[in-house]
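Visitor: Line by line, the protein sequences give chains A and B. For the first sequence, position 146 matches number 160 in the numbering used here, and the numbering has no gaps at all. For the second sequence, position 165 matches number 171 in the numbering used here, and the numbering has no gaps at all.
Derived by calculation from the structure, the hints in this document are not laboratory data. One thing to keep in mind: the hints can contain errors.
Claimed, not checked - Have a look at the derived ranges for each label pair, beta carbon to beta carbon:
hint : chain 1 : residue 1 : chain 2 : residue 2 : range
1    : A       : Ala68     : B       : Val19     : 23 to 33 Å
2    : A       : Ser40     : B       : Arg160    : 21 to 31 Å
3    : A       : Gly63     : B       : Val31     : 28 to 38 Å
4    : A       : Pro99     : B       : Leu82     : 25 to 35 Å
5    : B       : Ala148    : A       : Ala25     : 21 to 31 Å
6    : B       : Thr130    : A       : Leu35     : 44 to 54 Å
7    : B       : Pro68     : A       : Ile160    : 41 to 51 Å
Note that this is a predicted model, so its numbers are computed, not measured. Positions of the beta carbon are idealized from the N, C-alpha and C atoms, including for glycine.
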Amino acid sequence: MRGHPLAALIAAQVVAVAAVLGYAASGPLRPGDGLQQLDALTLRQRVPGVSAVAGRPTMYLLPGDLRRVECRRRLAAFRRRGLGPAYRVVVVGADRLGELAPDLALRSAAAADRCSAGYALVDRSGLVRYRTYDPGYATHTQEQEILLGALR
Amino acid sequence: MRVLRVAGFATLVAVEALLGWSYAVRGTAWHLLLHTGIGAGLGLAAAGTVAALRSRPVRALPWAVLGQLVSAGPDLIFVLVREPHRRWMDVFVGHVSVHTAPQPLLIGLAVFVVGGWAWYAGTTGRRTAGLLLAVAAVGTLAIGLALHRPLPTRLDDYTPGYGAAQFWCR
Chain A
15 MRGHPLAALI
25 AAQVVAVAAV
35 LGYAASGPLR
45 PGDGLQQLDA
55 LTLRQRVPGV
65 SAVAGRPTMY
75 LLPGDLRRVE
85 CRRRLAAFRR
95 RGLGPAYRVV
105 VVGADRLGEL
115 APDLALRSAA
125 AADRCSAGYA
135 LVDRSGLVRY
145 RTYDPGYATH
155 TQEQEILLGA
165 LR
Chain B
7 MRVLRVAGFA
17 TLVAVEALLG
27 WSYAVRGTAW
37 HLLLHTGIGA
47 GLGLAAAGTV
57 AALRSRPVRA
67 LPWAVLGQLV
77 SAGPDLIFVL
87 VREPHRRWMD
97 VFVGHVSVHT
107 APQPLLIGLA
117 VFVVGGWAWY
127 AGTTGRRTAG
137 LLLAVAAVGT
147 LAIGLALHRP
157 LPTRLDDYTP
167 GYGAAQFWCR
């Protein structure tokens, strides 16, 4: 870089601009993108009908529209991987607790993408501590276990 | 000496590749872009400052990678120490708060661009310009941090302005 500092600088900046524009091309640069997978347990809210299953940190998983093949495939992949035995998972809309979804939804603003996947994490005392949009949740079990581990 | 330089360069490239892979497998390309822009930009601004003060050229790549590692610090802590993000982690050049600044990616890009020119000016003998541009790079981030929205503490805080944070299917 010592030989051609200007060329190197311009090349790096062209790459940076292209990377950001390329990312923007996949969707608008929304202020809220930063809250996706932020990995900060800033919430502390009790939500009626939501509790820690068996007194353990619990993930409330919203897998998206299960009528879609892709959503069912992701959910199956997630179930194959699973979380550690110290945690519990409730798949909202896919089991007897499905009726909880509207209750949670009412406490959220209108969805930008109404059928995207994500999850909320509940601590042992039943407080909702985290929520995120994460369409790749099926392969992000390490991230989920780190967050749930902090709720033990 | 040449061997050491090549080894150093290879190490920096390996660090970059590992960092990129680490973010990619977690589906967090957005965060990689953000912290690379801010960290490398501030690293280059620091390099420009050092070059201006010493009146000598300074290599850019080590400073850029060092800055990137500082900016990505909480993410490394998350993976290696299994510690979620906390507010005190803003000591890593505003790592947490910058997520809710207005247009974080554009702020990161601006810091990177201005920091890069600070390095170029400082390392090519334009001392005053180098120092001013370095201050501008830091100032760009500072303005973004000053305008950031508080992190949500209740579900109601996820207003439509938070965009992709919404995910419920109704």
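Visitor: All the hints need checking, so say for each whether the structure fits it.
Guide: Here is how each hint holds up against the structure:
no.: 1; hint: A/Ala68 / B/Val19: 23 to 33 Å; in the structure: violated (48 Å)
no.: 2; hint: A/Ser40 / B/Arg160: 21 to 31 Å; in the structure: holds (30 Å)
no.: 3; hint: A/Gly63 / B/Val31: 28 to 38 Å; in the structure: holds (34 Å)
no.: 4; hint: A/Pro99 / B/Leu82: 25 to 35 Å; in the structure: holds (28 Å)
no.: 5; hint: B/Ala148 / A/Ala25: 21 to 31 Å; in the structure: holds (28 Å)
no.: 6; hint: B/Thr130 / A/Leu35: 44 to 54 Å; in the structure: violated (28 Å)
no.: 7; hint: B/Pro68 / A/Ile160: 41 to 51 Å; in the structure: violated (30 Å)
In terms of the numbered hints stated before, the structure departs from hints 1, 6 and 7, listed from lowest to highest.
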